[in-house]
Amino acid sequence: MKKNSIPGSVELLKNNLQSKRQQATDDFKKRHPEASDWLLSAGIAVGNIRSSLTKLAASGMIAGSLLAFSPSLTSADLSLSDSALTLINAQQLRDRLMKSLEPQLPEKITGFNKAQEAAISISVRETLGIDAKFELDGKRLNHQYGWMGAEQHLMRYPGDNVPDMAPKTGAWGYFSQTRNDFNDDLAQKEKYYVAVQTLYLPEWNKEYQVLKEWYKYRKMLAINPNSGRSVVAVISDAGPANWTGKQFGGSPEVMEYLEYVTGKRKGPVILMFVDDPQNKIQIGPVEKKYE
Amino acid sequence: MNKIFYWHLIEFHPLKTELVKKGITEKEIEELLIEAEEIIHHKTLSLIFDHLPKQHHREFTIRLAKEPHNREIMVFLQQKSGVDISRLLTENIRLTMNEILEDLRIIG
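In order, the protein sequences belong to chains A and B. Going by my numbering, the first residue of the first sequence is number 1, and it counts up by one from there. Going by my numbering, the first residue of the second sequence is number 1, and it counts up by one from there.
By construction, these hints were calculated from the structure, which means they are not laboratory data. C-beta atoms are modelled at their ideal positions from N, C-alpha and C, and glycine is treated no differently. Be a bit skeptical, because a hint or two may be false.
[Said to hold, decoys possible] In the DSSO-like style, the derived pairs of lysine-lysine whose C-alpha atoms are separated by at most 27 angstroms in a straight line are: (1) 216(A) with 99(A); (2) 21(B) with 20(A); (3) 114(A) with 80(B); (4) 29(A) with 21(B); (5) 55(A) with 22(B); (6) 3(B) with 114(A); (7) 16(B) with 30(A); (8) 22(B) with 20(A); (9) 3(B) with 29(A); (10) 3(B) with 55(A); (11) 99(A) with 54(B); (12) 139(A) with 108(A); (13) 108(A) with 280(A); (14) 264(A) with 139(A); (15) 3(B) with 133(A); (16) 264(A) with 280(A); (17) 29(A) with 22(B); (18) 3(B) with 14(A); (19) 20(A) with 3(B); (20) 133(A) with 27(B); (21) 27(B) with 20(A); (22) 108(A) with 27(B); (23) 264(A) with 191(A); (24) 264(A) with 168(A); (25) 14(A) with 30(A); (26) 280(A) with 54(B); (27) 30(A) with 27(B); (28) 14(A) with 16(B); (29) 21(B) with 14(A); (30) 14(A) with 27(B); (31) 80(B) with 99(A); (32) 16(B) with 99(A); (33) 14(A) with 22(B); (34) 114(A) with 54(B); (35) 55(A) with 21(B).
[Stated by the list, open to error] Only some residues are given here: those of chain A computed to face chain B with a beta carbon under 7 angstroms: (36) 32; (37) 109; (38) 112; (39) 122; (40) 168.
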């Protein structure tokens, strides 16, 4: 009977897992004898990592022997960032992002190599908690890092009239066909929009129908790498033209948040697709909620 | 425990489901999950030390001991190792978990 076989099975399972754990411990010590000592001096016993970390968390301190083990260790080494994402303020978050992106930025505003792209994606995920990518569903923009210039507001519905509004609709037409159909969601999409050069994508003309639908209101993350400010926006327009020397466009609100509203009203931006199939990431400034 | 910085990469649900299916008590499931977790920690840390240059081992250890849950550790590892460590860890954890599940199916 199945019920009678359970105690034996549990023992067998336990023995098997314990044996695997022992093997993993032995392998670790054999491969990394010095690291085993480092860990032990910090209060983490190889063989009992989980319980060691639990104890450390409970005591709130690192074993003092680590200092003795390493005389060159200074107090600065220990002054690590102080809290989880929910406890930090917006400026700290920006600083973290900026610092983590800095090593990946090329001297000139050009493309990234694959390693840089991977590192940036991880930095964004770990810092902002957003899964952002340079390539999504096999689609890729012609630029990932470029100059973003200020755009005007887009016409939201027929008869719309707001200050600083472009004389024509965006590349995807009106946001709604009537004023009555215009809602808060669409309002956000106009408020925080970016323009990208879909017109220069090599496959654009050939796969126009599919691509036009795919790129419409596609969620993007725009980062000012020099300040760490970031905003989630959607693609609502195409452009700018190559002759402008700019690669992306940003709505008045996007540009204001990225702090590119003075002088030539343009600045360097990293632009990434937001992988958000369940539509959980809100449109708008990312770090604002920490202010 | 205070979650470790790569905790989000570990998917315990399939293992828990398999154990529940076997009619094992909650206490026993907890014990078995702890064993599985220890295996994952050892294999994960081993992989990290494999890819992290030696001169950064000390700092990594300090960071881990100081704030094991801090996800900035992943950024640190990414920068210092020069490889896509998040992807490597994800794959390593997935393989380890699959091995455990496979053993479970054979034994069970």
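**Request:** Provide an ascending list of the numbers of those earlier hints which the structure does not satisfy.
**Result:** Checked against the structure, the hints that fail are numbers 1, 4, 5, 6, 7, 13, 14, 16, 17, 20, 22, 26, 27, 32, 35, 37, 38 and 40, while the rest are satisfied.
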